[in-house]
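Chains as they are written, first to last, in numbering that gives the first Met the number 0: chain A, 0 to 204; chain B, 0 to 204.
A portion of the hints provided could be inaccurate.
Note that the list lumps identical chains together, so a pair holds whenever it fits in one copy or between two copies.
Below, computed lysine to any residue pairings styled on SDA-like, alpha-carbon distance capped at 20 Å [said to hold, decoys possible]:
no.: 1; residue 1: K45; residue 2: G112
no.: 2; residue 1: K126; residue 2: L36
no.: 3; residue 1: K165; residue 2: D81
no.: 4; residue 1: K133; residue 2: D181
no.: 5; residue 1: K26; residue 2: N99
no.: 6; residue 1: K126; residue 2: G137
no.: 7; residue 1: K161; residue 2: D68
no.: 8; residue 1: K26; residue 2: N12
no.: 9; residue 1: K135; residue 2: V84
no.: 10; residue 1: K44; residue 2: R8
no.: 11; residue 1: K133; residue 2: M33
no.: 12; residue 1: K44; residue 2: A28
It should be emphasised that the hints constitute simulated quantities derived from the structure, not laboratory data.
As the structure is a prediction and not an experimental result, all values here were calculated from the model.
2 protein chains.
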Amino acid sequence: MSFNEFPSRLLENAVNEFASLPGIGRKTAFRLVMNLLRRDSGDVKKFGESIIRLHEEIHYCKVCNNISDTEICNICNDERRDRSVICVVENIQDVMAIENTRQFNGLYHVLGGIISPIDGIGPADLKIDSLEEKVKAGGLREIIFALSTTMEGDTTNYYLYKRLNKFTISLTTLARGVAVGDELEYTDEITLGRAINNRNPYQQI
Amino acid sequence: MSFNEFPSRLLENAVNEFASLPGIGRKTAFRLVMNLLRRDSGDVKKFGESIIRLHEEIHYCKVCNNISDTEICNICNDERRDRSVICVVENIQDVMAIENTRQFNGLYHVLGGIISPIDGIGPADLKIDSLEEKVKAGGLREIIFALSTTMEGDTTNYYLYKRLNKFTISLTTLARGVAVGDELEYTDEITLGRAINNRNPYQQI
């Protein structure tokens, strides 16, 4: 669509903004804006303000870099959590994913990415120094590397291991194995091989 | 996702707003908001403001009900357009669709919907009175009914015809026939039947 086809500049601006989002084409953007136009004015204002406030008021936790409404996030502030274990993750989506499992009661450390030479992301671009500071400060028992099982994730794991293995602290990674619901026939051989090597005693569920 | 899983209320609000849009689920909404979070603050502010301004500053043309930045839209204001023909459409998307063809040089009249008893939309909910006023005011040569070829569109066409055929004005509808690119084998029989009845002299393209 060229500019001339829009009857209104305001409409066009809003469509352009929505179309700038990933996975939203111009047709979808237009459909979304038309939906907003049919709503109450107050409703739409709330929508716009929620976006503006998101950037103006949001904090990144000073301790773990997780997203937060306050300077220190709810997890770091929670006295009931185990402060001797830190789970290192790539981003806040991963914090949410692990929180959803309700299986982890320690703290997090959000790296803000993983080492990826192709994307020009090196160790200096990530929050690795502050992680080392935490280890140096003492009181930690274990660091869990919970990164993606990709080449970049493995590289980052290796780098973190090299940086942190001089400290007397246990460094662990997530278990690798056959995912729940996967059929063995279609499981790749590396995963299946690791699953055999890391087999566990049978447990009734 | 329940509330507890969001590390931030601001984030949750923004995700909820995006998830309220048609065809956007919570996972997609979260992905869109994360994209906004990675952007510059000024960029995001512009996004939010474009939505707020959309509702606060947009006008509906006093003449044709098309969306507009001004009280009278660009089309109604354009002196070069043929003021003796009005094309009646359901909504502003249809205005844009017809404008894109560059085949029509008259004015429009946006009904704001079509008669649909199932959705509780009757003639009184549409801008039909103002259309009749325009016809009464004189100076018109033709009204084109450019509504969807659905039962609701046909019903609305019929109602408009009944309201307007007492005036000495030509009432026309869009030609119905086989769409460009359609294979005859898969064209429904009603369309094909009409296309045979309304056949045209052969023209070289």
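(request) Could you place K135 and V84 in one of the four classes (within, between, both, neither) given a Cα distance threshold of 20 Å? (result) within (14 Å within a copy, 80 Å between copies)
(message) Regarding K133 and M33, is the shortest C-alpha distance of 20 Å or less found within a copy, between copies, in both, or in neither?
(response) Result: close neither inside a copy nor across copies, 50 Å intra and 27 Å inter.
(request) Could you figure out if K26 and N12 sit no more than 20 Å apart (CA to CA) within one copy, between two copies, both or neither? (result) Within one copy only: 14 Å inside, 25 Å across.
(request) If the cutoff is 20 Å on CA atoms, where do K133 and D181 land: within, between, both or neither? Let me know, please. (result) Result: close neither inside a copy nor across copies, 38 Å intra and 67 Å inter.
(message) Cα distance capped at 20 Å. Does K161 pair with D68 within a copy, between copies, both, or neither?
(response) For K161 and D68, the Cα distance exceeds 20 Å both inside one copy (34 Å) and across copies (61 Å).
(request) With 20 Å as the alpha-carbon cut-off, assign the pair K45 and G112 to within, between, both or neither. (result) Cα proximity of K45 and G112: none, with 31 Å in one copy and 26 Å across.
(request) Could you figure out if K126 and G137 sit no more than 20 Å apart (CA to CA) within one copy, between two copies, both or neither? (result) within (18 Å within a copy, 73 Å between copies)
(request) Have a look at K44 and A28 and pick one of within, between, both or neither, based on CA distance no larger than 20 Å. (result) both (18 Å within a copy, 18 Å between copies)
(request) Have a look at K126 and L36 and pick one of within, between, both or neither, based on CA distance no larger than 20 Å. (result) between (42 Å within a copy, 18 Å between copies)
(message) At most 20 Å between alpha carbons: which applies to K44 and R8, within, between, both or neither?
(response) Both ways: K44 and R8 sit 18 Å apart in one copy and 18 Å across, limit 20 Å.
(request) Since the copies are identical, ignore which copy is meant and state whether K26 and N99 lie within 20 Å (CA to CA) inside a copy, between copies, both or neither. (result) between (34 Å within a copy, 14 Å between copies)
(message) With identical chains, the pair K165 and D81 could be close in the same copy or across copies; at 20 Å between alpha carbons, which is it: within, between, both, or neither?
(response) For K165 and D81, the Cα distance exceeds 20 Å both inside one copy (23 Å) and across copies (83 Å).
The structure fails hints 1, 3, 4, 7, 11 (numbered hints given earlier, in ascending order).
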